[in-house]
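**Q** Since each chain comes alone in its own frame, lean on the hints to assemble the complex.
Here the protein sequences come in this chain order: A and B.
Note that our numbering gives residue 133 to position 133 of the first sequence, counting from 1, and the numbers run on in steps of one.
Note that our numbering gives residue 140 to position 140 of the second sequence, counting from 1, and the numbers run on in steps of one.
Don't take every hint at face value.
[Claimed, not checked] Here are the simulated DSSO-like pairs of lysine-lysine, each with C-alpha atoms no more than 27 Å apart in a straight line:
(1) A:K17 <-> B:K423
(2) B:K40 <-> B:K518
(3) B:K518 <-> A:K287
(4) B:K518 <-> A:K17
(5) B:K257 <-> B:K221
Note that these hints are calculated values from the structure, not bench results.
What follows is the residue order along each chain.
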Amino acid sequence: MRYLPLTPDDRTAMLAKIGADTVDDLFTDVPAEARLTGPIHDLPGHASEMAVERHMHGLAGKNLVAGDMPFFLGAGAYRHHVPSSVDHLIQRGEFLTAYTPYQPEIAQGTLQVLFEFQTQVARLFGCDVANASMYDGSTACWEAIVMARRITRRKKALLSSGLHPHYVSVANSMAHFTGDELQSAVPELSVDTDIADLIETVDGDTSCVVVQYPDILGRMDDLTALAAKTQEAGALLIAVVTEPVALGAIKSPGEMGADIVVGEGQSIGVGLQFGGPYVGLFACKQKYVRQMPGRLCGETVDAEGRRGFVLTLSTREQHIRREKATSNICTNSGLCALAFSIHMTLLGERGLRDLAQLNHAKAIVAADRLSQIEGVNILNKSFFNEFTVILPVNAREAVHELASRSILGGVSLGRLYPQEDALSHAMLVTVTETCTDEDVDALVSALGEILP
Amino acid sequence: MSMNNQGRPTRSEDVRIQDIGTKGANATFTGNRALILEEKLIFESGSIDRTGVDLPDIPDAKSRLGGLERSETIGLPGLSESETVRHYTRLSRFNYGIDLGFFPLGSCTMKHNPRLNEKMARLPGFADIHPLQPQESVQGAYQVIDELATWLKTLTGMPAIAMSPKAGAHGELCGILAIRSALEARGDAREVILVPESAHGTNPATAAFAGYKVEDIPATKEGRVDLDALVARLGPDVAGVMITNPNTCGLFERDMKKISDAVHDAGGFVYCDGANFNAIVGKVRPGDLGIDAMHINLHKTFSTPHGGGGPGSGPVVFSAALEPFAPLPFVEKQGDTYKLVEEENAEEHHAQSFGRMVAFHGQMGMFTRALTYMLSHGGDGLKQVSEDAVLNANYILRSLEDVLDAPFAPSGYCMHEALFSDKGFAEGFTTLDIAKGLIDEGFHPMTMYFPLVVHGAMLIEPTETESKEAIDEFVGALRHIVAAAKSGDAKLKAAPHHAPRRRLDETLAARKPVLVYKETQDAV
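Chain B with its partners taken away, still in its complex shape (with noise of 0.2 Å):
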């Protein structure tokens, strides 16, 4: 079997394995099973001529299109309104969400996402207004930006934030280019960013993006950040460094002031990666720990949605050295009135701004849903969160450590999640084997190869919404599937077996990319 150096599987031959699921006695003519439907393309079941939507009349007048009409076929099927519910509601059954069940993905805090937010967002006064209506006549929408930045501000102890970024690497991006206008502004042209080898992809990524070189960082064998390592590296040529905290072992770094200390003191700046920050609302800022930028990701502490995907939103607090490269635009209180800093007001008093990051303001829809949970939880609600996260968190990691090796959990307690390695499993038996064989089950993977630094790294993380009987059944379903993978059992091999579809090919789908329908690929 091949795998890479984490140990995850990368050729497709590994899942082809035999079957056991729809080909065999529990087959059924059309593929369908029950109140599972198997759904084709729009571009199969859908026809150019077909609509959902009724419009009024066009009214008579002459085309000004100055000769540029689109004339030939556009090739974009149609649904009526009937077929295309069906169509959605049949795929959104081909999902899981965590609606349905225990969603444990590590570092992603999948928590309950609740619906008053969703109803407070679709507010016409929120939902219907335009980003460039008058000043006068926005401002609620300015209101809510500013109540949430107080929130965001108070929670973390940094006196300023910007609001726009779209999501958490693009507050990361935010606060490395802040940090890299500061050290322009002392004329200060440090080249250099570390980064923890624990750390999630984007920090690297971002790092480089952003034109700096990046250079890892070691852990101990604690799984924090090696603090002599990264102070003997300091030095004129490092602009900064990018930590996680709690880290992505989901452990806090004890030694994160005197990280923080010795990058100050070096000339450089501290950047904290805060999506793990739903481990420590209410329990320690990192203000008090010398952080001098941190995005927070709405979508995962402040419980928006992640909606498959996205959108997320990742504002971004500063220290006060940061705060003049904040970027355009942001919303200030004057008096009884809020007022947008932008490009044309900037030069009076924000005149370092590092500039404009999107079009508009950022995620509005998103602030909406944040404030609104904020407020429900309260100061006081946003602690319990965090308390009873970790205390889920340490529960599973004291439930599961007699079963699987759990390599930091001798040095003391874990934050938010608890981190597994696959060691022991039978010959053969992977991180994978266990993600696929808890959707047997009914559940959703934990992170599964990641952080890096732990081999077939689990990283489970249960957030503070799951109660203690959803965790004991997720652990009772967890050990048996781990006594399975010492044991070498061949069904588990093959899992899933009960999903909408086995394990799928993604060598194939890498090697000859088709990653649009074409009509003509079904006669090929």
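Isolated chain A (complex conformation) (with noise of 0.2 Å):
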């Protein structure tokens, strides 16, 4: 077996030297009617590197791949260019290979690299401090909401209805168990986001209002009226980003006075992977900083005065805390990390700015062009690089019919919504960088062959 060195002669003086005569004998803590003999069952045997390869290779070859024809996905896992560089670094054995950084001292390339991180998605987002990363942006959006409670110590949160609704289902699920009261609503098919009814709705109870910004429908909104009167009614508010290219082109949440922000990382440095691992972007204000969950990297000094980095705060966190820690997580998404600040660190900020407009550019190209399809309307007036067409048929059946002509057209609504008829018709196009001229041509003559 490749991946193991002891050969049947040490074996067998290790055994000697631990005085035990087989290997068996070391498991005899085991209760001996629950120990197993002989061979695993219904499990087939070892495999040369070739043979798992040809598997594998099957396997993936039954599925269509993204970058193998024209692609419009999005809905809060974006397909981007990432710089062969990128991948090429985070297979250094160094940053692959190695723990969470508990041993500063052998492990100054993780936690520089996590500082530098921090230091990116605080400015990105537009706030003072942000965290080593978490799982993804779901779970992200959920401690988000569990902070403003500790907070606040109010226990209602008002989601808005352009919330990824993977995201709602999430901390509903949670929220089950933890007492946490959340309104939430299913969108509207409307040219509007839903923020002047959570201006209205924020009250003296409110824990946080929890918006996505660019939406779940592609649609943006200032968010300065709305961060001022949740901080007026006491309460935090907490913006979600899915797409965090966006921030190239648009203002940050934090700017408009958010105090929390929460994203999704993937687009820049991860691939779309089938959805994971991805990595969840958390950043505050600092007067929030010991509420916040998730590992924190920062700079210190070693004994010679040199600078350095190391794990810290860490008395919000489990390993310290134990029950009565900020959060039970334990890790961070550090590989998916060190990608985003690779990508980020190439990208530079003309580099995210270009990138920005280029996706802006071709998203309303794309726009134009599909809305010229007799029956099919955009529902968005402004919007980054993904927005919603309304079909005249069934949008789910047209992602089916356009997939069966090797085109990935979108998301539809009903896919994500299945219980709402009113948004049935509807599907949400990304467009980003890596979608050519061709593709949309492709894309426009399909639906033009489906649609009555």
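**A** This is the structure we're talking about:
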């Protein structure tokens, strides 16, 4: 077995040192009636690299690959081009095969990356501080709601109808057990976001208002008035960003007054990967830092006075506080945070701004092309790279039709909100820098064929 | 010297000791040391006008950003590609990884990460597919999830599994929420989860996060759960127990089945923390020990990389009693087709699910890696893995017990890790010094000060992917370091001397947190 270095002679010598006759003797603490002897049933035997590759290639080959065809899906996971050097660098063994940096003298690489990552995220989101990352956007969103409860000592959270339905679903599952009271609604096919409603509804019992920016239908609004009204009520404004590339073009939530900004960082540096692993982004105002969940990296000095970095404020965390911790979280999404940070460093501010403008311009061109198809309407007046298309037919069926023509055309709202008939003709279309003019041509002409 | 009750130094003055390293005769003008080069922060070396990415021309289009254009400078420095590669390559050399050497971090299972796993995870058919693609277009992805699920269910002897939890602690939460759902379903409002005092900190944190009160169960002198104390505490208010098996002392809980039976008789459920599953794969099935839920750290037992702190992956296996409450979504095979059971169709036959824990389906990139690892080993190889892991750990235990106090060694063999205490060190010398001494000798330190039940704990987990020679070398080095700690060698107290940094001041970092870079900080 290629990963196991012990030889039969080694094993014999080691057993002699231990004073055991057989390796099975080492397992005598396992009650005899439960101990397995002999081979494991129902599983195949070991296999060569070649044989394993063949099997995995076979499975991979059963999937339609985004890069092989016109592709317009988004809704919380976005296909951007990731520069080759990102994947090369994250595969350096010193990053890939390192552990959590609990021995900082030999983990300065990971720690400096986390410090840089935290700074990048804080600046992108317009916040004072950011943590070293969370599992993903949906869990970061729930942790933010819990954090707002801790800070305000209130239990009622208002979730915008424009919040990703999976994020709402995660929060609802958790709130059932924690006793948090969540108010949420299904989005309406309206040009406007529900910010005006949220401003109306927020009150003295509200712990937080959670608003996605741009929202699930691609719409966006200035959050300034909402932030002011929310804070006036003694509540926190939590902004959720599922497409961080947008912040190269539009104002950051922090700039507009959000108290906590969370997001999904997958767009930058991390590929689609069928939904994971991704990287949750989490930032907030300085005054709330000790209520933050998750790992934090901080600057310090070593015994010779040289700058160095360590994990810090760990008195918030489970390994010190046990049942009194701010969260049970014990990990971050280190390698994905590294990928995010490398890609952001390659882009730099100029690259990020250009990338954002490119996405936006391509999306405008595509939206205009689609709106010229008879019976097709674009819901949004404003959007970044994702917008809602209203079709004259059931959008879920249209998406299947398109897939059968080797076009991955968008995410139907029927997939996200299966119970809502009012949304059944709507489809989210995302256009990033990876979409070519020919891809848009193909989508337009295929829709032309499918639609009555 | 100030220490906590496990003997870990907590004050920075402990580390500000005479210098032997870079300020002495070996100092360089730059601070660089041959292959180890100091590296600035990107905020010091980069520029907001520099970029390492060339993009195509931007088509003409009138902005539709609704007046939200970002005008202020963001402050994100860029580097060219060449500088970027160099920046991260230099930083990488400040890190210790499994690829470099022996990494015996107890309870963390730092085994070799096969590169075939990485290659397979990057096949476009897995890496470049969207989680919301039409289901007919991702049948191969669902099949990966289903095949991995089958392996895990077979190895654990459990009938059901939730694949979506993102990490071990997230899996714990999944299991505890399923237990709470099952109790709610029968109208039983139990409030307490029992956790052994040797448990990992995530266990009590998870139970509390799920709304439970946490009570400690003591350990016996042999390092195992005190069965009598546990049974005495059971009652109508106890929702369940969270037990790690093999436990954090590196021992198998011999009474596991008795514990499970007693908890079940009292109307509760048994959660098993599967962090140490690597010791028992193919040797015993948790399902045969009465476990109701157990998470499996794919990043430990099944070799997916730790990545400097995640991403992990923590699928949870369930007993039949908890199966109806497992979270959404999951993959189901219907004839030749794989279907996703999610919010939309859960009503039909999974109406009692406690709901969704994450967006999408979990850590697909880790599923492909773990499945690749399992296929490589096969059933026979996985059994050999556990046997070699346990053999290596016992070999370490017997090779060091004459110089280090091994509090539980007299009671028999250990499983996958060997536990020692700091007993017998010279005045002022601690486990931390041993760890820093190992750094100088080119080894990653063991887990220190955990579990809390042993003073100055040193938990050593070699894993099966270490050779006898590598272990002998480590044991030899550690014996020298222990001798230095016993004799009170001042050089050890100031270690590490040869790492990129000397001991770091954690107290300063916590007292005045600097969590982001500020351009003005040098000027102040």
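**Q** Run every hint past the structure and note whether it holds.
**A** Evaluation of the provided hints:
{"no.": "1", "hint": "A:K17 <-> B:K423", "result": "holds, 24 Å"}
{"no.": "2", "hint": "B:K40 <-> B:K518", "result": "holds, 14 Å"}
{"no.": "3", "hint": "B:K518 <-> A:K287", "result": "holds, 17 Å"}
{"no.": "4", "hint": "B:K518 <-> A:K17", "result": "violated, 57 Å"}
{"no.": "5", "hint": "B:K257 <-> B:K221", "result": "holds, 20 Å"}
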